[in-house]
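> Dock chain to chain to rebuild the complex, using the hints, since each chain is given by itself in its own frame.
Single-letter residue listing:
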Amino acid sequence: MMELLNMLLHDAFFSAIPAVGFAMVFNVPKRFLPYCALAGAIGHSSRTLMLEFGLPIEWATFVAAALVGMITIGFARRHLAPPSMYAVAAIIPMIPGTYAFNTVIALVQLTAQSQVSQELTGQVISNGLKTVFILGALAVGLALPSLLYFRTRPVIR
Amino acid sequence: MYADTQNDITRQVVRAAQLLLAYGAESDLVEEISQRLGQALGLASVELSISSNSLVLTSLVHGRCITTTRRIREHGINMTIVCELQRICLLAEKGLYGPNEVRKRLARIEPKTYPPVLVVLMIGLSCASFCHLFNGDLSACVITFFASAVGMLVRLTITKHHFNLLVNFATTAFVISMIAQTGYVFSLSETPQSAMAASVLMLVPGFPMINAISDMVKGHMNVGISRWGHATLLTVSSVIGITIAMQLGGIFL
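Line order of the protein sequences matches chains A and B.
All the letters of the first sequence, read from the start, carry residue numbers -16 to 140 under the working numbering.
All the letters of the second sequence, read from the start, carry residue numbers 83 to 335 under the working numbering.
What the hints contain is simulated information worked out from the structure, not anything from laboratory work.
Derived DSS-like pairs (lysine-lysine); straight-line CA-CA distance at most 25 Å:
id: 1; chain 1: B; residue 1: K300; chain 2: A; residue 2: K113
id: 2; chain 1: A; residue 1: K13; chain 2: B; residue 2: K194
id: 3; chain 1: B; residue 1: K242; chain 2: B; residue 2: K194
id: 4; chain 1: B; residue 1: K186; chain 2: A; residue 2: K13
id: 5; chain 1: B; residue 1: K242; chain 2: A; residue 2: K13
id: 6; chain 1: B; residue 1: K176; chain 2: B; residue 2: K186
Just the calculated beta-carbon pair ranges, DEER-fashion:
id: 7; chain 1: A; residue 1: V115; chain 2: B; residue 2: M83; range: 43 to 53 Å
id: 8; chain 1: B; residue 1: T314; chain 2: A; residue 2: R14; range: 28 to 38 Å
id: 9; chain 1: A; residue 1: V99; chain 2: B; residue 2: C147; range: 51 to 61 Å
id: 10; chain 1: A; residue 1: L131; chain 2: B; residue 2: S134; range: 27 to 37 Å
id: 11; chain 1: A; residue 1: P39; chain 2: B; residue 2: S134; range: 33 to 43 Å
id: 12; chain 1: B; residue 1: V299; chain 2: A; residue 2: V99; range: 26 to 36 Å
id: 13; chain 1: A; residue 1: R14; chain 2: B; residue 2: H243; range: 23 to 33 Å
id: 14; chain 1: B; residue 1: R185; chain 2: A; residue 2: P39; range: 47 to 57 Å
id: 15; chain 1: B; residue 1: R185; chain 2: A; residue 2: N(-11); range: 52 to 62 Å
id: 16; chain 1: A; residue 1: N(-11); chain 2: B; residue 2: E192; range: 39 to 49 Å
id: 17; chain 1: A; residue 1: R61; chain 2: B; residue 2: S269; range: 44 to 54 Å
Cβ-to-Cβ under 10 Å is the rule here; a few derived chain B residues that face chain A:
id: 18; residue: F216
id: 19; residue: V282
id: 20; residue: V318
Cβ coordinates follow ideal geometry from the N, Cα and C atoms, glycine included.
Isolated chain B, as found in the complex (with noise of 0.2 Å):
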């Protein structure tokens, strides 16, 4: 194998585990698809090494190195992309793609999110029916629905203007609290407390904190370490929200 093939090579791997790593597959994965892809394109080995933010690879053929760093940027979770690079990964294993079709179909790769309105009714739906196995009653779902309905279109707007995921998460809380609370204010319910606690369930870093723990599981320390802290952050900026809205209502304390 020539150097500059290797090199493109190798490019085309760090590209499919920098992809990986920025819509949030767990580290194990990253490693053991960049490590097959590689070998099924004809490297000797592919060494991996993930930090919280930044990744390393280095491919050995023929006794040649060569090493390479790509920084990383979190994008949310996209399943989509991450399923599609495992199916680039056992194509390319099964031989029926070599690295130039391996290049034409990572260079398409574009991230597809659901229509707004859809995911905004779905999540209003979701943490209603948390409420109902709380065993709230029907005005408290009906409460979670609009609450959280109105959080997610809040989420969304926020995150296309791209502001830190802290500020978010706070800001969300703390308008879907205000909402959720007026089954206690106006004595609309008998079960507010249950509106409370389901409504803000859309927010729980779920995906971040299994991540992270399996990270850990399965030996990838300080990734799995920098997502528990990023989980348990996100989750307290959220409390934050929750709290100053339930000050203002006059609730709490």
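Chain A extracted, bound-state conformation (with noise of 0.2 Å):
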């Protein structure tokens, strides 16, 4: 039990620091980068949490986006701000980069032959399909709360 939350604590720190990293590029402003990194570091560790627990990572992402979406929402409310502000930058640490970048390079690969290869061309499609359906739940995640509460009024007032 102490293990489980020791390993999610230095999950959350370090899913933190890269959601203010990118906050950084994204020019939020520098009142709201600590919320940007409270946001990031629930989101991710609580998918650590659902993957420890034997939930597919799509599902897993799925939920931690929508909790995510829900936290942001909040602070959005409390500064008057658009909730993508902090969303975004919160999920970056769950993108699924390394299945993007192996799905194109196993494309560049194939490419590279002369003939087409099996075990190639099922890495493409198994990361591909990755890529697409875990970046499909996080952005119908994030887009969950308005989707489902804020249907006919605006979420900031």
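See the structure below:
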């Protein structure tokens, strides 16, 4: 139990750093950076917890993104700022970057070969599908609060 | 309302929408903010048609329409400006701002960025912690830090000279991979592949991809597809840079 908690805290710390780093690339104002870090840490560590319980990565990402969506709407209503400002920085640690790059590297390798190789085609398909579905889970999960709850009224008033 | 008042207000609203799109807001937010701003300033309704690189806006009041078109040039993502425009919209809606104040504040908007040194350091740290999350060892994390910090420096320098974004990403990816594969070439690290994977993550176009999907989900199909295409092109061009670097290093194919 203690080990799990330790692992989650460790995970939260090391996902808060990229959230702040990329928030700075997106020029999020300085006073909102801690909230980006908090949302990023909660999102990624909750996903790690769900993966630990054996949930597939797509569903874990979907639930974690929905959680981030709800938290960031709370922040947005308090600071009167657009929720996507916090949310996009917060989900950066969950973006399937490795899957995306493996897909395209396998594609380039396929091009370089004279005949179609079974193994590379398999890599392209499996990594590509993972990329698309994780990205979809992230975006739809983030949009979930406004799809379900804020259907006819604006988030910030 | 007089015709020239309507003209003036329409110009403020279309300026706000143009800024929002140029600095990377999603289409739904652009539509919401410009409609709310227009109605707060006294227009009866505002209709928008957004495409991949332009925007058409029609304002209606007393049965009189004004339609205007603006070209949109991408300026990179700047959330400070999006935040500022949201604030202007809210202030106008609460009745604190009239057309004159909105015009003044819109004219004052300028893209402010963080100092490059700070961004370079933070991106190095971010990619190093990605490497740590991928179970890389300490030396892999150090290699990742230097590779992505130098990469970010290259990216910012090229951006300053207004090169095409695709050229920028390919060059940056090449530089990053050249540095990151020192782990392989001189066998400095036990887990060189995690350094390779983590250091190029700063080039993943996460924001355009998320914007693309949420645009498509919320019904802005053509903008969503064009953003998706742009994000895919960026990924492909950085992979071309990585491939060249790996072939030069002789660890691939």
